[in-house]
Structure formats: C-alpha cells, structure tokens
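For what it's worth, the numbering used here labels the leading residue of the sequence shown as 1, then goes sequentially.
Calculated from the structure, these hints are not laboratory results.
Cβ atoms here follow ideal geometry from the backbone N, Cα and C, with glycine treated the same way.
Among the hints, erroneous ones may be present.
[Said to hold, decoys possible] Here are the simulated SDA-like cross-link-like pairs (lysine to any residue), alpha carbons at most 25 angstroms apart as the crow flies:
#1 LYS263 to LYS215
#2 LYS131 to HIS293
#3 LYS263 to LEU113
#4 LYS215 to ASP373
#5 LYS263 to GLY273
#6 LYS263 to ILE117
[To be verified] Estimated spans, in silico, between C-beta atoms of each pair:
#7 TRP107 to PRO144: 35 to 43 angstroms
#8 LEU307 to PHE449: 36 to 44 angstroms
#9 ILE320 to GLY250: 53 to 61 angstroms
#10 SER447 to THR74: 36 to 44 angstroms
#11 SER447 to GLY273: 47 to 55 angstroms
#12 ASP448 to ALA351: 43 to 51 angstroms
#13 SER209 to ILE378: 24 to 32 angstroms
#14 VAL101 to LEU307: 38 to 46 angstroms
#15 TRP107 to SER209: 20 to 28 angstroms
#16 ALA434 to LEU307: 40 to 48 angstroms
#17 VAL201 to LEU251: 46 to 54 angstroms
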Amino acid sequence: MSFSSSDILISIFVFQSIIYNIKEISPLLQVGIYCPKAKSLRCFGKLDASAGSATTGSTLRHYYYGNFVTFVSTRLRKQMNEERSTDRLARYIIWTVAAAVTVTFCWYFRSVLVYIILAAVVSLLGRPIMKGLRHIKIKGRSAPDWLWAIVSLLLILFIFLGIVTQIIPVFSNIIANVSNNLQSTSLKASEITVWFDKFNVWLIDRIPSLGRDFKVQEAVLGWIKDAFDITSLTSVVGSVASALGSFGIGLFSVMFIGFFFVKDETLFRRIVGSLVPDKAEETALSAIGDIEHLLSRYFVGLMTEVLGVALLNFLGLWLIARIGIYPAVGIAFMTGLLNVIPYVGPWIGGAIGTILGVVLKYSSAAAVGVYPDFMMVIITLLAVFICTQLVDNFLFQPLIYSTSIKSSPLEIFIVLLMAGHLGGIVGMLVAIPAYTVIRVIASRFFSDFKPIRRLIAATDDKQKF
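Input sequences plus hints: build the corresponding full structure.
Below, the structure written as structure tokens:
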C-alpha cells in the first residue's frame, strides 16, 4: 500500500490537531511511553485537568509529536524518491521512443532530408549574393526580397550549369578528334607502345610480384572494359534516364526550398526555436547563428578555391601545355571540382587531366603530322597540376579552413581520416561541415566538459595570433 504526498501531509495536520488537544482526553487515561534513554516504560500517571498535570501532558504531546513527525518525514522522503525514480524512468523511456521515431522518420524520408540539407547549402551560398544585391536601388527604392532571392538562386544555377557545359564538350571533342585523325594517330601509337614496353620492364624489375606478363596498358584497358561492359548497356541507359529524371526533380526541389531559406533569413532559426525547450531556446538560436556564419564562410571559400584551382590549371594548360582554349577550360573546371574531395581529389583530377591532355595533344598533332615528345608532354602536364596543388595547399586551404571554420589543421586531418574510414569519399566531403556543426553545438551546450573547453580555448588563442 502506498501513500501520496498529499495524503501524508493531511495526516500530519490531523495528528498535530489531536496531539495539541490531548488535554481534552479523558482524565482516567493511563499513559505510558517507552523512554529510549532509560530503556524502560515510563508512566506519567493519570491525566486530569489539574494544573499539576499540565507539564506531564505537554511532555507527552511533544514526545508523540516529535516521533510522528520523524516517521512522516522519513516516509515522505521515501515516497518522493520513489516518485523521482518513476519520473526518471518515464523520461528515459519517452526520450528513447522519441529518438527511435525520429531516426525512423529521417530514414524513411531521407531523400527529402537531403533536399533540405542541399537547400540550406544553396542558401548559405546565396545569402552573401543577396546581401550585395540589396544595396542596388531602382529609382531610389530597393527591390523586394523575393526578387533578389530569385536572382541569387539563378546566378548560382547558371554558374553550376556553366561549369557542367564546359566539362562535357571536352569529352566530345576528344572523341571527335580521335575519330577524325584515327589513321594518323595510329602511326604514332607505335612510339607510345615502345615507351610503355620499356616502362613495363622497369616496373616488373621493381615489383616482381606483378609477373612477367604484366602490362600497364592492358590493365588500364581491362578496368575500362569492366566499367563500360557492353552487355550492361541497356541497364546503363535505363539508369542514366532514371538518374536524369531524379536529378531534375531534385534540382527543382532544392531550388524551391532554397528560395524560402534565402528570402527569409530567420526561417530556419524559427523552426529550430520551435523544436527546443524554452530554457534552451536562446542558446540554440545563438548556436544556429554561429553555424550559419561559419558554414557560409566555408562554402563561399570552397567555391573560391574551386575557381582559383580551375583558373591556375587553365592558365597552365593553355599557356604552358599549349592545349586549346576550350579543352583547357573544361579540364580546368573538372580538376577544380574534383579538388573539393580532400586529399584524393587532387590526385584523381591530376591523373584524369593528364590522360585527357595527352589524348588531346596527340589527336590535335595528328592533323598536321607533327608529334611532340611523349615524355615532355607528360612532364609538362604533371608540372602544371603539381604547381597548382602546391599553391592550393600553402595558400588557398590555410585561408579557407583555418579562418572560415576556426579549426586547427590537426583537427581537420583527424576528422577527415575518421570520415574517410566510415563513409569513403562521401564521408570526407561532408566531414568538415558536419564537424563544424558538432563543434559549435558542443561549445554552446557542453562547455562544462574540460576537453571541449580546452579544445575551443586552444583554437581561439591560435586564431588571435
């Protein structure tokens, strides 16, 4: 049988009333209580209404009252502890169920969640553009925000489509040049084959485990054949058509959601504010402001890095490697986009750019019959990409990563290694933005933990210097 807190409190008041009115009890009542000090039953005698019994009655009342209060307070504390344990267990169950429902909901609607995240990224890119456009006055009046939001999104879309339209013609140009000059190019292929034979001999001597029959060109052709197996052409075409349809729907969804994020800068903050408790709302809104500021600087810096790498590669391919201006633009933008992938992106871009540059160089030279030296072409192309990568590593990346997300290079390196181990290239792409969000939330809500406090303090001190 259990008692509620209200029942116990009512009992206290009732018993108090009885004890303090004990003089009204019959005078013939014989009272005896156990005295702890004397370890015996002490008799107070008969209670009557005389003055001499007043002291005895008072002592009796205080003794019973004190014992009862001790009992009731002990019972009340026990009851309250039980209620706290029950409430704590109920809260744990509610939080567990809520987390499970949230994870299930996010997984079921993961495509919609991806659209929202991409729209948030687009809004972070479009917000600086919109702030600049607001300064434009038309007849002394500023245009409405919805108009500037549309203009900002269209600028981002045109830049994205412009880069794509510059990359695609590179491959079509290569195919056209090779097919038009196939006969002339085949005359020079023997020299390239001789060079590959020498390279294969050198490689086998260094790595005997490859075997005497190993040939680099056959290995590369085998990889290409596996990637573009003719037997799976139908499925590839169907997959491409499905991907194009999904891309169109996704692009429209991202732009539509991004329009509202760009138009109303406080929309995302209001959504977050409605989901957190009132006591944490101010801290959460402050954290959202810091996250938006840091990620906006990061993505703007990332786009600046892409354009900077593309510009340097374009100048090198056009002026030094002497590749045509249009193919140079396409290869440069492709290497700039691949450079976004940490660590492995520059290697992939440099390898693809070198192969495309060699093919373009020899297919163009076949038209006039004057072929350049094969090794010089390789060295020139590699020199262009290596020099660009050095500028990126020592100039672009320190400015972007250290000043935009306020993290040390060691932090970024460890985070990228962990993300690459968990999610591969995709994990490395989202590692830095995700770490920025986690870092800001930890600094706002968990600053009492010593490791987090020391990490943030060390980074802030480094930023001052």
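- Message: Just to be sure I understand the hint, the distance between the Cβ atoms of ILE320 and GLY250 should be within 53 to 61 angstroms; is that true here?
- Response: Taking Cβ atoms as reference, ILE320 and GLY250 lie about 39 angstroms apart, which means the hint is violated.
- Item | Range hint compliance [Cβ, ASP448 to ALA351, 43 to 51 angstroms] | holds (48 angstroms)
- Taking 25 angstroms as the top limit, are the C-alpha atoms of LYS215 and ASP373 close enough? holds (22 angstroms)
- Task: Please test the hint of 47 to 55 angstroms on the beta carbon pair from SER447 and GLY273.
- Result: Since SER447 and GLY273 have Cβ atoms about 21 angstroms apart, the given range 47 to 55 angstroms is violated.
- Query: Can the suggested window of 20 to 28 angstroms be confirmed for the beta-carbon pair TRP107 and SER209?
  - Reply: At roughly 44 angstroms between Cβ atoms, SER209 and TRP107 fall outside 20 to 28 angstroms, so the hint is violated.
- Query: Are LEU307 and PHE449 spaced within 36 to 44 angstroms by their CB atoms?
  - Reply: Because 40 angstroms falls inside the window, the suggested range holds.
- Task: State, for the Cβ atoms of TRP107 and PRO144, whether the hinted interval 35 to 43 angstroms holds or is violated.
- Result: holds (39 angstroms)
- For the range 46 to 54 angstroms, tell me whether the beta carbons of VAL201 and LEU251 fit it or not. holds (51 angstroms)
- Item | Straight-line alpha-carbon gap LYS263 to LYS215, limit 25 angstroms | Cα-Cα ~58 angstroms, so violated.
- Task: Starting from the range 38 to 46 angstroms, see whether the pair VAL101 and LEU307 falls in it by beta-carbon distance.
- Result: holds (43 angstroms)
- Could one say that the CB atoms of ALA434 and LEU307 fall in the range 40 to 48 angstroms? violated (24 angstroms)
- Please work out if LYS263 and ILE117 have their alpha carbons no farther apart than 25 angstroms. Holds: LYS263 and ILE117 sit about 16 angstroms apart, inside 25 angstroms.
Going through the hint list in order, the structure does not satisfy hints 1, 9, 11, 15, 16.
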